[in-house]
Amino acid sequence: MKTRIGFFDFTGCEGCQLTVMNLENDLLQVLQLVEVVEFRELMSEEVSEIDIAFIEGSITRRQDRERLQTIRERSKILVALGACADNGGVNLLASNQDVASLRQQVYASDAEHLQTFTPLPLHRVVKVDYRIPGCPIDGQEFLAVMQALLLEREPELPNFAVCVECKLAEYPCSFDYGEICLGPVTRAGCRAICIEGGDRCRGCRGLVDNPRTSPYHKVLEEHGLSVQEILEQYRIFHIGEE
Amino acid sequence: MSRKITLNHLTRIEGHAHLIIDKQAGKIESCRLEVVESPRFFEALLKGRHFSDIAPIVARVCGVCSISHTMASLMATDNALGIEPDPRAKVLRRLLSQGEILQSHLLQLYFMAAPDYLGIPSIFQLLTQRSDLFSRALRLKRTANRICEVVGGRAVHPVTTAIGGFSSLPEASELKQLRQELVDALPDLEATVELFAGFDFPDFSRPAEQVCLEQSGQYPLHANRVISSCGINQSVVQFKASIDEYIVPHSTAKMARTERGHYCVGALARVKNSYGRLSPMAQKVATALQMTPETDNPFHGLKARLIEVIHFVEEAIHAIDDLLLHSFASARATAMPKGGGQGVAAVEAPRGLLFHAYSYDQDGLLETADCIIPTAQNLASIEADIESLLPALLDLPDEQLKQRVETLIRSYDPCLSCSTHQLRVAIK
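Chains F and C, in that order, give the protein sequences. Heads up: the first sequence begins at 5 in this note's numbering, then just goes up one per residue. Heads up: the second sequence begins at 58 in this note's numbering, then just goes up one per residue.
Hints are computed from structural coordinates only; laboratory data are not their basis. Glycine residues also receive a C-beta, built at the ideal position from the N, C-alpha and C atoms. It is possible that part of the hints are untrue.
To be verified - Distance windows between CB atoms, simulated:
id	chain 1	residue 1	chain 2	residue 2	range
1	C	R196	F	Q101	25 to 31 Å
2	F	L32	C	T425	44 to 50 Å
3	C	E228	F	I81	39 to 45 Å
4	C	D378	F	D102	49 to 55 Å
5	C	D378	F	C177	51 to 57 Å
6	C	T349	F	E156	55 to 61 Å
7	C	Q347	F	T122	48 to 54 Å
8	F	L31	C	D353	36 to 42 Å
9	C	S188	F	I81	26 to 32 Å
10	F	I81	C	S262	46 to 52 Å
11	F	Q67	C	K233	47 to 53 Å
12	C	G139	F	H127	44 to 50 Å
13	F	V223	C	N290	51 to 57 Å
14	C	R187	F	V51	21 to 27 Å
To be verified - Some chain C residues close to chain F (C-beta under 7 Å, calculated; not the full set):
id	residue
15	F98
16	A101
17	I114
18	R199
Take the sequences, apply the hints, and build the full model.
What follows is the structure, encoded as structure tokens:
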């Protein structure tokens, strides 16, 4: 029997599921090996047992917490898909502010159906077996994780910094443009796509294990940047706070 | 006899909503589209951030329309800072928006809406039975995504877009290759028109005010004026000021209206109001689909999207020709002003009018942000359409009734991730 996979989403932008759909021809080949049994955005069908559940988004409400727990109970393997599921992502951009005040600012109402709590990454609610970081995820990395799981191997994420991929591709350094770049401490695997696009790294893939912070501080000092400016940058994708 | 029909977590739409219909003795008592997508408070999340970070953050409102949010955001910031992009950068921005509309429309037409007319629960059913159709859908979507990748650097959440234009420009060789791929898509587009022309669209009409942008000499995408089928012709700033956003007890999405009441935005509004600006080929396709600009049938939203697909493929080819003839510089070296200011901008997103408005303080930090989303402007019209359609469906068995109502909702291609920032139907 084919491996049954399901896609689910909570609070987020559905961009990671869209990235999976955008795999197109690769997706067609994957579909020969697996059966997509649930994918609300694309299908009306539902089943009871799932081999691998890919879950996008953060948890912000009691009913979401319960829905996630039910998915966990009927899934053999649970994978956090993307930054919001993995560490909270942009949903936690205002985690230093009280939710009631955010609600007042946007809706000017305290109605019951608008009640949420500070967004939680999936692992704060259920056991997460594997994670695919990024905002959005990288499609090729999704395929690599899926391949490892189908072969019953442990999926591995790169454990070096974006700087390494950036230097190998010989892109100009963002710091030389007077910009703040999180490439030195962010986990690679994105092929430094933002730097290729003329932008800088905002750290959407989270911190690499054991980041070499002292050389990084030196780089910052050389460019006259303050710790406060760096912290503001870390806050966008909520990295380094867990 | 009381019957409650509930469709929970409506499928094949962007985001989460339920539909609940209360029936009493053969009469509709009430009908509510409950948007249950969790609120995300994006406007508050942006406060205090520097203008250079606003577009990349606000793109994360929605994966499907990340390019539209990026465009509206950058244009509002351009306006606030007094930056005027190079005319060719505007052509490239327009090409990127066309890529997103093609991507979103093709995904919606083939993967979300077509199953309703083919009588199947999802397009995955076609993998074995109609693999030709499935592969064609993927090929077309691929071509659309290629525009976004070549111009935006990535299909979801672009990386080359910048205040004042682009931080990285596509190579001429990439543009030439992309042009060839667009030309090669024409036979697949012809087959798509043939497929949709064979669908049996429900006979239904409900007149509504149709609102879209007005762009001199062009089909509307990025513009400063708003027009409507009721004769409105105002600046974006004026029209935005006339919108009343309000919350209802059953939805986490805000709803929008003007003093004239509710209105519709999206592909149908654009095709109706700007029919004469469509390419000759797109107008021919409209005829083949038996659609005229006079239509008041919301089910024709699908036809309008297909007509736009044809138009934008053609326009994208012309845009590439223009870009190949004229070179221009990336905006990376542009000196950014230190100060602040206020700016408003509107774009035509795949689902319709999208407004972003910001004010920045003297340090360039965001003080206030206001985003008005297409689906928020359509939600009340979707409810009104369902209420108007229901009396004719009351004798149908629940399953058929639900199917018909879901088809109507999907005709609008609602994006609820955006509007709250899922769809289930319930019959009481």
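Hints and how they fare:
1. C:R196 with F:Q101: 25 to 31 Å: violated, 46 Å
2. F:L32 with C:T425: 44 to 50 Å: Check passed, 46 Å falls within 44 to 50 Å.
3. C:E228 with F:I81: 39 to 45 Å: Check passed, 41 Å falls within 39 to 45 Å.
4. C:D378 with F:D102: 49 to 55 Å: Given about 54 Å between the Cβ atoms, the range holds.
5. C:D378 with F:C177: 51 to 57 Å: Hint violated: Cβ distance 36 Å, outside 51 to 57 Å.
6. C:T349 with F:E156: 55 to 61 Å: holds, 58 Å
7. C:Q347 with F:T122: 48 to 54 Å: holds, 52 Å
8. F:L31 with C:D353: 36 to 42 Å: Check passed, 38 Å falls within 36 to 42 Å.
9. C:S188 with F:I81: 26 to 32 Å: holds, 29 Å
10. F:I81 with C:S262: 46 to 52 Å: For C:S262 against F:I81, whose Cβ atoms are near 50 Å apart, the range 46 to 52 Å holds.
11. F:Q67 with C:K233: 47 to 53 Å: holds, 51 Å
12. C:G139 with F:H127: 44 to 50 Å: holds, 46 Å
13. F:V223 with C:N290: 51 to 57 Å: Since F:V223 and C:N290 have Cβ atoms about 54 Å apart, the given range 51 to 57 Å holds.
14. C:R187 with F:V51: 21 to 27 Å: At roughly 23 Å between Cβ atoms, F:V51 and C:R187 fall inside 21 to 27 Å, so the hint holds.
15. F98: holds, 4 Å
16. A101: With a closest approach of 4 Å, the C:A101 hint holds.
17. I114: holds, 6 Å
18. R199: holds, 5 Å
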